[in-house]
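*Asks:* Protein chains in written order, with this note's numbering: chain Z, 260 to 414; chain Y, 5 to 269; chain A, 8 to 277.
Just so you know, these hints were derived from the structure itself, not from any lab.
This list has only true hints and no planted wrong ones.
Partial pick of chain Z residues on the chain Y-facing surface, computed with a CB cut under 8 Å:
| hint | residue |
| --- | --- |
| 1 | MET265 |
| 2 | TRP268 |
| 3 | VAL269 |
| 4 | LEU275 |
| 5 | GLY276 |
| 6 | ILE282 |
| 7 | LEU283 |
| 8 | SER284 |
| 9 | VAL287 |
| 10 | ARG314 |
Restraint-style ranges between C-beta atoms, simulated for each label pair:
| hint | chain 1 | residue 1 | chain 2 | residue 2 | range |
| --- | --- | --- | --- | --- | --- |
| 11 | Z | GLY375 | Y | SER198 | 26 to 32 Å |
| 12 | Y | PHE184 | Z | SER411 | 52 to 58 Å |
| 13 | Z | ILE330 | Y | VAL183 | 40 to 46 Å |
| 14 | Y | LEU251 | A | LYS215 | 55 to 61 Å |
| 15 | Y | PHE184 | Z | ARG262 | 42 to 48 Å |
| 16 | A | SER22 | Y | ARG32 | 21 to 27 Å |
| 17 | Z | SER333 | Y | ARG19 | 52 to 58 Å |
Here the structure is a predicted model, which is why all the values come from computation and not from measurement.
Even glycine gets a Cβ: it sits at the ideal position worked out from N, Cα and C.
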Amino acid sequence: MQRTTMDLWVGLFVILGIGALLILSLKVGNLNTYSAGQSYQLIGHFENIGGLKIRAPVKSSGVVVGRVVNIQFSLETYDAVVTLSIDSRYIFPKDTFASILTAGLLGEQYIGLAAGGDEIMLKDGDKLMKTNSAMVLEELIGRFLFDKASESNDF
Amino acid sequence: MPKRIISIIQGIGHRAIEGTWQVGLASRFFILVLLKSTTSLRRFGLVMRELYFVGVLSLIIILVSGLFVGMVLGLQGYETLQKFGSETAVGTLVALSLVRELGPVVAALLFASRAGSAITAEIGLMKATEQLAAMGMMAVDPVARVVAPRFWAGVISMPFLAAMFSVMGVFGGYLVTVVFIGVDEGSFWSQMQSNVDFRQDIMNGFIKSCFFGVAVTTIAVFEGYDAKPTAEGVSIATTRTVVTSALVILGLDFILTAFMFRGIS
Amino acid sequence: MNSEALIEISDLNFSYGARPILKGINMTMHRGKVIAIMGGSGSGKTTLLRLISGSVTPSAGYVKFDHQMVHQLNRNALFKLRRKMGMLFQFGALFTDLSVFDNVAFQMREHTNLPETMIRDLVLMKLQAVGLRGAHQMMPTELSGGMARRVALARSIALDPALIMYDEPFTGLDPISLSIIGSLIRRLTDALGMTSIIVTHDVQESLKIVDYVYFIADGVIAAEGTPQEVSQSVAPFVHQFVHGEEEGPVPFHYPADAYGMDLNLESRLA
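Bound-form chain Z, shown alone (with noise of 0.2 Å):
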């Protein structure tokens, strides 16, 4: 074997595994959707997070601005603590109010950014002052049964 045929081989297969491990990365995974870039950091405390998990979506209108990056359980107020790692090329007022949605019907669980009109902007490690816990399916059935209930005493 050829010392430079055996370096063209060694080159091409160099290029095959730099390449397989591009493609997975852009085009398998969601490499291109994740800014590599700078991040700021909010916190949220939730009455009840429901199913929401680490590296969730944040949306705001729809689009991902950033990802669920922390979730703990405070013992001095008793609710979670969400921390959320959210893009630093959008900024929303100090109004803006977090709610956690489900995608679907029983699909995954997703923080959702509603700006609101304040002039000053959330800095990194702010919190968010509104926040809106998930629905819970049993909470959701149990209080229209009790409406329910309530309705038919009411005649």
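Fit chains Y and A to the supplied structure of chain Z, relying on the hints for placement.
*Replies:* Here is chains Y and A on its own, set in the frame of chain Z:
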């Protein structure tokens, strides 16, 4: 009768001691190879040559197997998913199975039987024909000159081969479900892309294949270097490389998976 | 023997576990000489070579090579010392993945920074010395046994060592190749002024070319002398060995219990 039971227990004990020794010796050899890697890193031509034998010559089996594994995954996944009316999720199924598990694991198993056994046989034969001893007599360290380049070639090739396996698999799945069966192409890719995460899935699969590469090549070079210098010894060592590699890959995969995917969906 | 001693071996002992292989060996080897070490199979001849090259450590005694105590050197110094040694293995031990040219060039490329053109000239010179310059592009698998050993010889003289050790250089060769190797050993030793140690049991061929012979039996030097002394020797062991006789001080039977005991004859009689 008690005598037989005692001898069975003795047999187990003997094998346990033997196995522990082997693990210890292999680990020590691994450290030794790392310490003596400066030559191969300085003279990268040595590694290049081995990259050809270890990587390029494994390409065919990896690419063809990847294609077929992906096609089967696509077919089976479609059969099951269409019962629930979610056949567009077949892209996600194929990609996640390949990137997280099948890519690294099956590629490593194939790599062990194709390249690992070849490395063991080559080093074992060099030992049997006194080539390693001759090298030592010429004041050239065989571990640095023969073992380390093969080790690094294996470690470098493995992640590349695993990635190529996964890409071929995804392509195979695409071929079967989109081209032949007629699943909507747009939802195939978009479902896949929204569910396969770069860091959680692709990076973890990549890290797995790096671990497997180190494990398989360490076993291969150790078995070769440790082989009895006879024709029979070399053949035993080659078999042991394939069997031990397979067990180590599967065991290591479980441990790595437990660490990587714990606590997330 | 008036020339300077290259190797001094003094009271050398070596054992594998509890089994002694060599017991109190004393030897002196001078520059420019061809020395044969003979003895039956398993008498510890190859072990002696491994002791000289520092591959194994003796249990007592010392080996002095070129004024240096071989077994007191650290790894780097030992590797430096080994550059002055060459070794020809039983079947050549050529690197099967390298061509004949690259085999001979191996040490030059590993140990020197010579430019490639000079390496080429040197390699062709060494191959010319063993008569195989025309085969420099061949792979070791294409060579016959005798040619492979000549290439290996060219490889071991690549860096002009002070000592070459030959482990059974005559095994498995046809008569022509055998005498070619024999005369090459003699010629190269004289031309390069080095020392050659031949471990062999080919008595007739080696007596033709060597200057001095040691016989090893049961781990000790049973006899020594020049070829003339040896072939005229009346010592029973030497006579048996040199003339290849079946009966003599070396027994046909490996030591064992009484034959009758092993066949259970005694116990049956009892």
